[in-house]
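Asks: Each chain, letter by letter, is given below.
Number of protein chains: 6
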Amino acid sequence: MPIVTIKMIEGRTDEQKRNLVEQVTTAVSETVNAPKENVSIIIEEMKKEHYATGGVRASDK
Amino acid sequence: MPIVTIKMIEGRTDEQKRNLVEQVTTAVSETVNAPKENVSIIIEEMKKEHYATGGVRASDK
Amino acid sequence: MPIVTIKMIEGRTDEQKRNLVEQVTTAVSETVNAPKENVSIIIEEMKKEHYATGGVRASDK
Amino acid sequence: MPIVTIKMIEGRTDEQKRNLVEQVTTAVSETVNAPKENVSIIIEEMKKEHYATGGVRASDK
Amino acid sequence: MPIVTIKMIEGRTDEQKRNLVEQVTTAVSETVNAPKENVSIIIEEMKKEHYATGGVRASDK
Amino acid sequence: MPIVTIKMIEGRTDEQKRNLVEQVTTAVSETVNAPKENVSIIIEEMKKEHYATGGVRASDK
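Chains as they are written, first to last, in the UniProt record's numbering: chain E, 1 to 61; chain C, 1 to 61; chain A, 1 to 61; chain V, 1 to 61; chain U, 1 to 61; chain P, 1 to 61.
What the hints contain is simulated information worked out from the structure, not anything from laboratory work. All of these numbers come straight from a predicted model, not from anything done at the bench. Treat the hints with care, as some may be off.
[Stated by the list, open to error] Pairs of lysine-lysine residues, derived as DSS-like cross-links and limited to a Cα-Cα distance of at most 27 Å, are as follows: (1) Lys61/P with Lys48/U; (2) Lys36/A with Lys61/U; (3) Lys48/U with Lys61/U; (4) Lys47/A with Lys61/A; (5) Lys47/P with Lys61/P; (6) Lys48/C with Lys36/A; (7) Lys48/E with Lys36/V; (8) Lys48/C with Lys48/E; (9) Lys61/U with Lys47/U; (10) Lys61/A with Lys36/C; (11) Lys61/C with Lys36/A; (12) Lys48/U with Lys47/A.
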């Protein structure tokens, strides 16, 4: 706790994800005053076919 | 915003999903008075092995 | 199943929410071919202080 | 209702998941006094690359 | 990890919730072979006005 | 997109939350190469009675 869930379109590299969880953990830890080891992060990737804004999927734009 | 997440068993066609996000966006937009372009939709599919009611998975019924 | 979660800023009337779940249920049912009684909807309201885009909360805009 | 979501690292056997939903359904049903058939469970598996604690992913530990 | 989220209509007693997290933790721990201290549980309560099945909210039934 | 959800025990100040969304947005934007205005953040607070680890709620520890 805190538990952070990050939903995004698939396609980022392994290196980007490694940096993502490192930087977000630092940002959360410093601003809400929680030890880094208490911060959990879950990455949930979506296909373009499964994300829409304005009624149109990313895969259809 | 609004952000809509739809969880369902996998197996729908691409055409069904296209219609799903289109119709749900319209329904949300009209009833809560939000511009369509502000409505985001995420589809999350599940395997039958990962969904249960009454203690029994869909794959075991 | 399907299970639909709708996250939005608080402030809609009871009548708007009643229409919202009715219309979204119809939209889901018709497009993915699921009986209406199988569609569940959860509304989750947020305070303006708890939703941000571009790094700025709705309450700070 | 209740709706239970269980997020965990992938790798459990089919038998483990079958027992998981059976036992959790019983636990929920008995403690909150809900009929078993009203309890829904969703299992969401994650890759080790997508779960981090302390800023480090399970795949990097 | 595992992280369990339990969504249910509000109204259970504190004692019911205490038993709920205790029993569910045991059920998860024993079936997927995870130490109890690794199991996190989040209870999310809903108002009857915010949960619908078949297009009708629990508060309207 | 990305959509970030941060679940944590209630009790942080308004200033902490303002900084939280600002810093997390920057961290996400820089590491996955997404414009800041595309990053959405939702804060979801929990009562101590509704979060447990090891089968014991934070309010009972």
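Asks: All hints, please: hold or fail.
Replies: Going through the hints against the structure:
With a C-alpha separation of about 30 Å, the suggested pairing of Lys61/P with Lys48/U is violated against the 27 Å cut-off. Of the supplied pair hints, the one linking Lys36/A and Lys61/U holds, its CA atoms being roughly 15 Å apart against a limit of 27 Å. A hinted pair counts as satisfied when its Cα atoms are at most 27 Å apart, and Lys48/U with Lys61/U qualifies at roughly 10 Å. For the hint pairing Lys47/A with Lys61/A, the CA-to-CA distance comes to about 13 Å; that is within 27 Å, so the pair holds.
Distance restraint check for Lys47/P and Lys61/P: the Cα-Cα separation of roughly 14 Å lies within the 27 Å cut-off, and the hinted pair is therefore satisfied. Note on Lys48/C and Lys36/A: the hinted pairing holds, with a Cα-Cα distance of about 20 Å set against a maximum of 27 Å. Restraint check for Lys48/E and Lys36/V: the C-alpha separation of about 36 Å exceeds 27 Å, so the hint is violated. Distance hint between Lys48/C and Lys48/E is fulfilled; the C-alpha atoms sit about 22 Å from each other, no more than 27 Å.
At roughly 13 Å between alpha-carbon atoms, Lys61/U and Lys47/U fall within 27 Å of each other, so this suggested pair holds. About 21 Å separates the Cα atoms of Lys61/A and Lys36/C, which keeps this hinted pair within 27 Å; it holds. Distance hint between Lys61/C and Lys36/A is fulfilled; the C-alpha atoms sit about 21 Å from each other, no more than 27 Å. This hinted pair checks out: Lys48/U and Lys47/A have alpha carbons roughly 19 Å apart, not beyond 27 Å.
Checked against the numbered hints given earlier, the structure breaks hints 1, 7 and satisfies all the rest.
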